[in-house]
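Residue numbers (the numbering used here), protein chains in the order written: chain W, 1 to 316; chain A, 1 to 334.
Not one of these hints is a red herring.
Computed from the model, here is a short list of chain W residues facing chain A with C-beta under 10 Å: (1) 250; (2) 281; (3) 284.
No lab work stands behind these hints, which were simulated from the structure alone.
In this text, a Cβ means the ideal position worked out from N, Cα and C, and glycines have one as well.
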Amino acid sequence: MAKLVLRRLVQMLLIMVVASLLLFAIFDTPEFKKRLAIQELGGFAVSALSEDSYNQWLAEKGLDVPFYQRYVNWVGNILSGDMGYSYEKATPVAPLLLDRLANTGILAFFVFALMIPISLLLGVLAGMKEGSIQDRAISFFSVFTTSIPEIATAILLTVIFALGLQWFPVKSAMIGGFQFDQLILPVLTLVLYDFGYVARMTRASMAEVMTSQYIRTAILKGLPYKRVIMKHALRNALIAPFTIIVLQLNWLLSGVVVVEVFFEYDGFGKLLLEAALFPDVEVVQACTLVAVAVAVLSQLISDIGYTFLNPRIRFA
Amino acid sequence: MAVSESIAAPGLVERLSAPKPAITLLLLMWVPLTIYVMFGAHQFVLLPAIPATILLYWVAFYNFRESSTAIIGLTLVFFWLLMAVSAPYLPLVDPNKPIAPFTLPFSEKRDIFFWLGTDFKGRDMLSRMIWGCQRVIVWGVTATFVAYVIGTLFGLIAGYLSGWWDEIISFLANVLLSFPVMVLFIVILNYLGPSGFNIVVAVTFASAPAIMRIVRGLTLDIKTRDYVYAAQTRGEHPFYIMVIELLPNVRGPIIVDACLRLGYTTVAITTLTFLGLGLQPPDPDWGLMIREAAKTAMLWKFSYMLLVPALSVSTLILGFNLMADGLREMSLKD
Numbered sequence: 001m002a003k004l005v006l007r008r009l010v011q012m013l014l015i016m017v018v019a020s021l022l023l024f025a026i027f028d029t030p031e032f033k034k035r036l037a038i039q040e041l042g043g044f045a046v047s048a049l050s051e052d053s054y055n056q057w058l059a060e061k062g063l064d065v066p067f068y069q070r071y072v073n074w075v076g077n078i079l080s081g082d083m084g085y086s087y088e089k090a091t092p093v094a095p096l097l098l099d100r101l102a103n104t105g106i107l108a109f110f111v112f113a114l115m116i117p118i119s120l121l122l123g124v125l126a127g128m129k130e131g132s133i134q135d136r137a138i139s140f141f142s143v144f145t146t147s148i149p150e151i152a153t154a155i156l157l158t159v160i161f162a163l164g165l166q167w168f169p170v171k172s173a174m175i176g177g178f179q180f181d182q183l184i185l186p187v188l189t190l191v192l193y194d195f196g197y198v199a200r201m202t203r204a205s206m207a208e209v210m211t212s213q214y215i216r217t218a219i220l221k222g223l224p225y226k227r228v229i230m231k232h233a234l235r236n237a238l239i240a241p242f243t244i245i246v247l248q249l250n251w252l253l254s255g256v257v258v259v260e261v262f263f264e265y266d267g268f269g270k271l272l273l274e275a276a277l278f279p280d281v282e283v284v285q286a287c288t289l290v291a292v293a294v295a296v297l298s299q300l301i302s303d304i305g306y307t308f309l310n311p312r313i314r315f316a
Numbered sequence: 001m002a003v004s005e006s007i008a009a010p011g012l013v014e015r016l017s018a019p020k021p022a023i024t025l026l027l028l029m030w031v032p033l034t035i036y037v038m039f040g041a042h043q044f045v046l047l048p049a050i051p052a053t054i055l056l057y058w059v060a061f062y063n064f065r066e067s068s069t070a071i072i073g074l075t076l077v078f079f080w081l082l083m084a085v086s087a088p089y090l091p092l093v094d095p096n097k098p099i100a101p102f103t104l105p106f107s108e109k110r111d112i113f114f115w116l117g118t119d120f121k122g123r124d125m126l127s128r129m130i131w132g133c134q135r136v137i138v139w140g141v142t143a144t145f146v147a148y149v150i151g152t153l154f155g156l157i158a159g160y161l162s163g164w165w166d167e168i169i170s171f172l173a174n175v176l177l178s179f180p181v182m183v184l185f186i187v188i189l190n191y192l193g194p195s196g197f198n199i200v201v202a203v204t205f206a207s208a209p210a211i212m213r214i215v216r217g218l219t220l221d222i223k224t225r226d227y228v229y230a231a232q233t234r235g236e237h238p239f240y241i242m243v244i245e246l247l248p249n250v251r252g253p254i255i256v257d258a259c260l261r262l263g264y265t266t267v268a269i270t271t272l273t274f275l276g277l278g279l280q281p282p283d284p285d286w287g288l289m290i291r292e293a294a295k296t297a298m299l300w301k302f303s304y305m306l307l308v309p310a311l312s313v314s315t316l317i318l319g320f321n322l323m324a325d326g327l328r329e330m331s332l333k334d
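Isolated chain A, as found in the complex (with noise of 0.2 Å):
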């Protein structure tokens, strides 16, 4: 949707000005703890993935200073970001055990303080809430960096290569592209099944082109400069042209689309697994929950099973989206 305008963002790596020899340390140590925690192998403790994030979004915090919009998106981003990966350390109850069915939010049962109350299975709904906060984060970050991967590969060369490959690649984007982004989906989650791993596939297959058409259009303007002649000149392999000298110049830009799609994805998921098409039963998922409260809760006093998973994705794809447009905004400043 914000393909023409996230183009805008050119001097964003400039200004992220943080050490970047910190960065690069935190991220190494911060995504293999939190990967590992929240493909459910919590039982190894891995308690320093709560201290990692809490320090990642302090350098996130300090390089978005100037631009309060990009702060605000930050936190909520990382307050889910901080839920998903000390849920296994939180005091709650088993996100799938039933309690005791309908109790009413801020309501005690059986000697248990229901903040949220539960569903209709008698679950507790905080801490599906907070259980279903990881697998959307978890899914929607996998599927969205896979497809980054896949779309920039494709843009660099078509972009670079220009000729043949660039006709049969911008040819296959477009088609793809003509498709409405929930029809693909559904086609191709009916054809492969539903899962998570599935839903990566259809995400891929949605985002790269898109993803492809901005590296295009960049890799088409960055070619034409000075050091990508002098290295075609040294005689490098056109992969390490790509690798080396192009990829890191189109960072700035993707960084912001990659804010704006992760939102997409998440909505993505959420609303595939209300469909009935995305992750399975019973573990719960922001989606799942919508879609058994929307079989049965449809009274005001239970509306609460509705509203706690519509406002939990809502505040975080309004993160996202505030992060997004705090970052273009950064970035056009001078």
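Pulled out of the complex, with its shape left as it was, chain W reads as follows (with noise of 0.2 Å):
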């Protein structure tokens, strides 16, 4: 169990190593740079800039050195917490994260808590019996709502709900504090497309379980069904779901950049995305950073959380 935790921190490690280098890479490209310091010089175009001040620019911010050393230098900043400054909004990018992190947070937060309980409950109603209407009907209704994609499904609650029956409001940007109506849409879509798969996979596992012996034995002994299933199968069922439903946090952090777009929400997805149109270089990168980071981690929690819940592999 150590032994395999260990193994995994390193792996994360190396991915997080080897990711956050590929970002640098990328992004260190003397055109991005130029870019740069015509945004902090406060020019207009690339040609206005001279080659004198572009390289008294870059020895002013210690852009002149090898590229390990930069790259030290980047990773350095960043894990001090000096994640660079945004140019399109004007302030250092670790509190503007932190803040759209945070609305994100809420988002996420309201998703689960509504995504878990209604996909646990369906994949389990239907994975308890295969084959009859009642998991035909749930399956179906799963694979169509996970089939649209998101865009459609924020434009059709969208039409019905804001623009058709007025319940709820068109944009969610909040601009006058936090108001709960605003986050409704959002939060339907993020589930309605989400809760399909999970759904499916607790059905599998669940169907699964169902066929095994010792439930088999369970009902012929005369245990009532109830029992059987809250008792025999629920435990067993459960594993598998609880990892897929941490490895969901990896597919929110890109399914949230369409829906806050949409809906105008101010979150990390929306965040990211302007910085990509302005280009805002150093939020695009402490972005992606942080995105890779929160898989990275939820996929070490699942694998872990895995392990510890199965008991067969837990004593092995």
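Two chains, two frames, some hints: make the complex.
Written as structure tokens, this is what we have:
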């Protein structure tokens, strides 16, 4: 167990190092650095930048040293909390990013709070009796909702609930402070898109458990069906969905971009996209690093959690 | 997403029982015809692409007849495919020509009947929908195909040669897979700049690692078979073994996965264009239609501008997913 955790940790660190190296290297070209210089020196076009002032700027920023030194400096800065400066928003990146991450965290909290019970319940109901009408209905529904891309779900929900029925506001910009009714449509969009996959995985795991020998024994022993499900089947059937749910964090980070941009919700995804369109290189780098870190961490948690929850592996 | 699910399709190729030379011939005919038509060379009237598409649909229909799910998916996909191929021959208005702004659906203006209305610039929605479908399918298929070629190649190398090759390729794949997909797209397109070709590159970087993993797993299984040993004993070159012995035997699961991945790629292209990082205006595209409508048409009266592209992309993706589901069902049946 300890050995496995250690191995995973080393692997994760290696992945982070290579990912950050790639991220640093692709934005380390003169083209991007010249753009940065212009933004900082207040010029208008690359051609307006003279060779001398560019070199002076490089020396000033400590960017005239060899590649590996620049990379080490950059990583050191990030680890000490200095993530760079956003020229579009004219603030340091770190507080900005924290603020936006908190907003996305609120969104993600409600998504998970809704998605986990719904998907587990539907998955268990479908997997309990494989091939029954309820199984077919739930399976079809989950394929259907997962097939509709987030952008289309967002549009359908907006048209029905915001434009047609006018129950909720169209945009979720939260201009006058936090408003709960602005959060409903983005959360609903993400839940509708995401729950189908988890439900299907739960169904598969539940269906597999239901065909096992010990469930047959429990039923033949004459135990009430409810007790067979609650006490015997669920315990084993819910191990696999646990890992899937943790891994959904990774999917949420990509899904959140579209939803936040469509609803104009001020979160992580919108920040990343705005930075990419500007282009605000240091913000893009910081956001991507955070996203990769979250993804890798969730992978680690799901791996360790799976090992811990499954006694066949834990005691092996 | 469905990587682990799609592994289970061992007997699929055997079950696609139609006369194989016919399928091959059809594909050989159909692919260049459609590519030729879709990349805008349609002034040299290439009508045979339309009957070829219909014929291909019938052959696929015959093969999928056991599974109603697959048939529904196939029909949805081929509906859009037919639209894409026949776009140059349909009596449509020029999709980029402003005629009458904010005309509602099913109404007539300036002697033209607008089935789906016009957008805020006065361009015909029906025409934009059909032409947009062409762009989405062309770039979606191209990107998926390139990702498959590269992913399969690396998967075969990693699985068959194993050792250091495997270690390095698998590690790089893990690094790429640790980026959330949309974040990876944004970083790559930010670096390369938005265009159709760069979408192909971005999709390759995002999809090829997952494809490589599937192919690698299958290869590890297959390379212990006797016919591979026979080829090794004959002294065949590793590359020959990979292409001639291993590749044909991994295609079953790959076909199922390709259906799913075509769907993901289509979503990705639409979404990226919506975000402003994909295909560029003014040529019509579903993502672009959503992008333009989302800025202007936030009223119940004009919601058709949002609904038309949203429903189009949903039906196409639903088609791909149902087809993949049906194929998987078929392969698991016996």
